[in-house]
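A.B. asks: Guided by the hints, dock chain B onto chain A, whose structure is given.
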Amino acid sequence: MDIVLQTSNLSKNYSGIRALNNLNIALPSGKIIGLLGPNGSGKTTLIKLIAGLLTPTEGSIEVCGVPVGPETKSMISYLPDRVYFNQSQTVEQLLNYFQDFYADFDRQRAVSMLSMLRIPMNVKFKTLSKGAREKVQLALVMSRRAKLYLLDEPIAGVDPAARDFILHTIVTNYDPTATVLISTHLIADVEPVLDEFLFINMGQIICLGSVDDMRDKTGKTLDELFREVFKCLPSL
Amino acid sequence: MFAKLVKHEFRSVSKPLTFLSIAAVAAGLIGSLLMWYFLSNIDIEGKELPSILAILMLVGIYISLLAYSVASMIIIYYRFYKSKFTDEGYLTFTLPVSTHQILLSSILNQLIWSAIISVVLFICFGLILAPPVSMVAKEIGGHMDWGIFFQELDGLFPVGSFVITTICGEVYSLVLPLLSITIGSLVAKKHKILASFGIGYGITMAVSTLTSFITIADIIRQTFANDMYYEPTISMSSMLIPSMIMLVVGVGGYFLMHYLIERKLNI
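So the sequence lines, in the order shown, correspond to chains A and B.
The first sequence: position 183 = 183 (this note's numbering), numbered continuously.
The second sequence: position 211 = 1211 (this note's numbering), numbered continuously.
The following block holds chain A by itself, in its conformation from the complex (with noise of 0.2 Å):
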């Protein structure tokens, strides 16, 4: 199986204060994983590191064996906890947009995805509601035919239906030689699409693996599973 991500002894420093730390992680091709942490991880500055938008203070970062640039950025398709759309632009300005720089948008699905949605393609994005927005954000990362998706916190903030929608887009449309990284805190709402599971907390790894033997092998779910690891309070 080919190896989409590489770190090899990755550290991120905030003034002197480390967010990551010394983290060698490999992702396998083909698959949907969950990057798993408590607020304050180090989960957001794992991915914003892999997209391109932070530099490691120490440490690579390859994808598709490729050190991150421009080379990268080319293969991530990144959808940020927030909304990050021009939003004096129209829907079809925003699709433009995204067909002019990257060769790998797919028009054609994203526009059945908004008519889907029935977002009109003429409205600014800034009249659209929260809700919408982000699915419209959604639509056009997942229209992409990219090696490595990053979704950080795709389903944080929305109504359980927008949840479900957001989830099934992820599942649906993302190309079955591409790997998924979805970072949540969101256990339970995503613990059905997934393959594998990575625990990160105070930067580094706390366990990783396929979900399906994890759940064979504990018995218990990954929801019950991340709140054992990661209980910070007496039992009641």
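Source of the hints: derived by calculation from the structure; they are not laboratory data.
Hints are all accurate, no fakes.
No farther apart than 30 Å at their CA atoms in a straight line, the calculated lysine-lysine pairs in the DSS-like style are these:
no.	chain 1	residue 1	chain 2	residue 2
1	A	LYS126	B	LYS1189
2	B	LYS1189	B	LYS1082
3	A	LYS130	B	LYS1015
None of these values were measured; they are calculated from a predicted model.
C.D. replies: The following block gives chain B in isolation, referenced to the frame of chain A:
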């Protein structure tokens, strides 16, 4: 990819700037009519009040044209800030392009719009000044030797040094605002735009002080180098020193901006 970046940068500000430019040209046309009216009635008794009103309106148009150039540049700088240092930066800095391409496209966009704004202002002031200039030209045009005029102009201000000064000044004025916004956005937790203004002002003051100091020192050195005449001497080097300082600050500022965005930026 670079051409696409420039295209999207240009388009992102084209709507408000086109609207402002059309409004500026309209103001220039009105100014031209007012000037023509003023000159036609300047010596006519009983028309003093309308002439004064025309002059006041001309002053208003002059101020609005200045406001046009300032507002246009603010729109360009604000777009730079929005697309790089707010949430939009997540999209900008994950495009499959290098940071150099992102920065150079912003600088080129600024240069293109500065040129358009200059042309619009030239047209506007041309329209306003056309009536008096045509009157003066009618009077002296037949007697004027334009060849001698330009020769004397070249003697007063050599074309070579003018070109160098313009290029250096342009590099400085293109990079300085973007550098100020970059530093302001990185150092300030809140009020980033205000911090950018402060940093821009600080850099300008530092460069002006350094330039004045070196220029004056050079003038003094050259004046006293000649024992026979104690007359202040302004040589070519005195004129070019400020340009060289601006060029160094401009080029150095660009690389500093690149370093800060690559290594220090955390949106």
